[in-house]
Structure formats: structure tokens, C-alpha cells
Amino acid sequence: MAFIRFAERPHFRNPWAEFERIRQGLDELSRTFINEGQQALARATVYPPLNIFEDRDHLIIKAELPGVKAEDLDISLEGDTLTLQGQRKPREDSDKVSYHRREIKSGSFSRAIALPTKVDMDKMTAKLANGILTITLAKAEEVKPRQISITTE
Amino acid sequence: MSEHELQVQEKKEVQHSGETTKPEKYFVPAVDIYETDEGVTVIAEMPGVTGEGVEVSLEDDVLTIQGTRAPEDTEGKRVLLQEYESGNYLRRFTVAETIDQDKIKATMADGLLTVILPKAAPAKPRKIEVQMG
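In order, the protein sequence lines correspond to chains H and U.
Note that the numbering used here numbers the first sequence so that position 111 is 111, with each residue one more than the last.
If you want the numbering used here, it's the 1-based position in the second sequence plus 153.
The following block holds chain H by itself, in its conformation from the complex (with noise of 0.2 Å):
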């Protein structure tokens, strides 16, 4: 017969020390998203994968596209939202070559960006360079941060 010895058992249950166990681990969750935000990866999980930058007038947002030619990319903004599309056309190979590895795959693409913050819809540029794209967004007026002076009686 198994039998528990009075000393084993916790010196008293609390019932909220689960609930706390939880907070912290959530606290720490955050804490590890906040700090290390710039080594973090986001994952990505709609092609093409993001990197996405502000400065103070404006929003940079880059994806690398390897072999994807200026005019098979489609670029739109309506409202917030940056829309993203095109596609990789596969070599057009003669018919004598034989395979040995196929790593690089060729297809259509689309993603759609919810902007975090208003932008000038006039002053957009995009480049596409060495298969990296840019698209360069200037920040709204009214998003801008402002100085505020000070004055001194």
C-alpha cells in the first residue's frame, strides 16, 4: 500500500499560483518580443517575406524577388492597403536538358499589406534592383511627428 508522508505534501494549495505561473510566462513572452525585436523573425507565411521600416516621414518596405521581372510586378494602394502581385515565369529551357537539381520554383504570387499608418498617396515609389524590391512611402502630413517649441515667458 503506497502511503504519502504528511512532510511530502505542499505546506498549502494556493489556488491562484497556477493563475501566476501563467502571467509571468506571458510577461516573458512579451518582454522577449519587445526587446529583441530587431533579431525576432517574424514568420512569414504569404510569399514574398517582408522587411518593413519607418523613419520619421517615411515607410520603407522591401521583399526580395529573385528573378522576378519589373513588368510581371504589380503594385496597388487603396486606402491602407498595399497589395502586393506577380509572378516568377519558369525558363523557357530547350528540350535537351536533363535536370539535377530544381531548387528554385516559379509561380504567382499576392499579398496584401494593411499600412500602419496613412501615407501620401501621391508620393509612392517602388524600385526593383539586384531582385530586391523598395517601395518608398512618404507618410501623411498629419502623421508626421511634430515639434512642439516651447516657449518661456
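No lab work stands behind these hints: they were computed from the structure.
Please read these numbers as outputs of a predicted model, since none were measured by experiment.
Just so it is clear, CB atoms sit at the ideal spot from N, CA and C, and this is done for glycine as well.
Be a bit skeptical, because a hint or two may be false.
Claimed, not checked - Partner residues aside, some chain H positions facing chain U, computed with beta carbon under 7 Å:
#: 1; residue: TRP16
#: 2; residue: LEU41
#: 3; residue: TYR47
#: 4; residue: ASP95
#: 5; residue: HIS100
#: 6; residue: ARG102
#: 7; residue: ILE104
With the hints as your guide, set chain U onto chain H.
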């Protein structure tokens, strides 16, 4: 015509045998390799690498392709979302075919490196006459 949707391919980091002194990251570029009667063509995805940043070498049947790119300029910028890391590229292959080393050609366009390795003409059989002393 393959009209399927492109999937996100995660970048694989090169497993170094030793650590590098610089804190740089090297990724394995995705490649297509095909062979024709004339030669072997290697196409590697290396976005962000310019023509000057590419190094291709063939040594003892080992083809090394390396691409270095300028680090991302994040001066005065705040990262809102980071879904990919930018770094250099490195990959090695053992080439089984005999390649004419002098005629290797490499071009860089739209972030794709194309290396053409022409096959060497098969060695002609040569008869060696044995001189009788």
C-alpha cells in the same frame, strides 16, 4: 505552365566547420542545375548581390559560388516587421563532368546568378609508340 502560388522558402544558414571572425551570416542560395550536351548551367538565387559581389571558382572539381552584399542600411530607421534576414550567400558543389576551366562564364541579373560551365572536349586517344632499344 505552372500557375501555382509561390510558397515562402525559409533561408537556410550555411553550416560552417569553423566560426567566422566577422559576425556575418551566410545563407545557402536555392539553385537550379541542368546539363546539356555542351555543358552544365548553375542558376542561383542571390538577391541583393551586385556583379562585383560575386565570386565563382572551380578548384579540384569543387565549384564555389559566393555572393556578398552590402549590409542593410538601417541608420535612423525603426524596424516594424522583419520576415527575412539579409546576408551573404555561399554554396559548394562537386562537379563530376570535366569542365573547360577557361570558358566558364558567369552573369548576374535580377538577383539571379547564372554560371555556365562548358564541358571540355573529350580527350583524344593517343597512341604511344614503344621504341625498341
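Tested hints:
1. Given hint, TRP16 of chain H at the interface with chain U, is violated; its Cβ is 37 Å from that chain's nearest Cβ, farther than 7 Å.
2. With its C-beta approaching chain U no nearer than about 6 Å, LEU41 of chain H sits inside the 7 Å limit, and its interface hint holds.
3. Satisfaction of the interface hint for TYR47 of chain H is found here, the shortest Cβ-Cβ separation to chain U being roughly 4 Å, below the 7 Å cut-off.
4. Checking ASP95 of chain H against chain U by beta carbon gives a least distance of about 10 Å; that is not within 7 Å, so the hint is violated.
5. A distance limit of 7 Å between C-beta atoms decides the matter here; for HIS100 of chain H the minimum to chain U is near 4 Å, and the interface restraint holds.
6. Using the Cβ-Cβ criterion of 7 Å, the hint placing ARG102 of chain H at the interface with chain U is satisfied: the shortest such distance is roughly 6 Å.
7. Proximity of ILE104 of chain H to chain U holds as hinted, the smallest CB-CB distance being about 5 Å (cut-off 7 Å).
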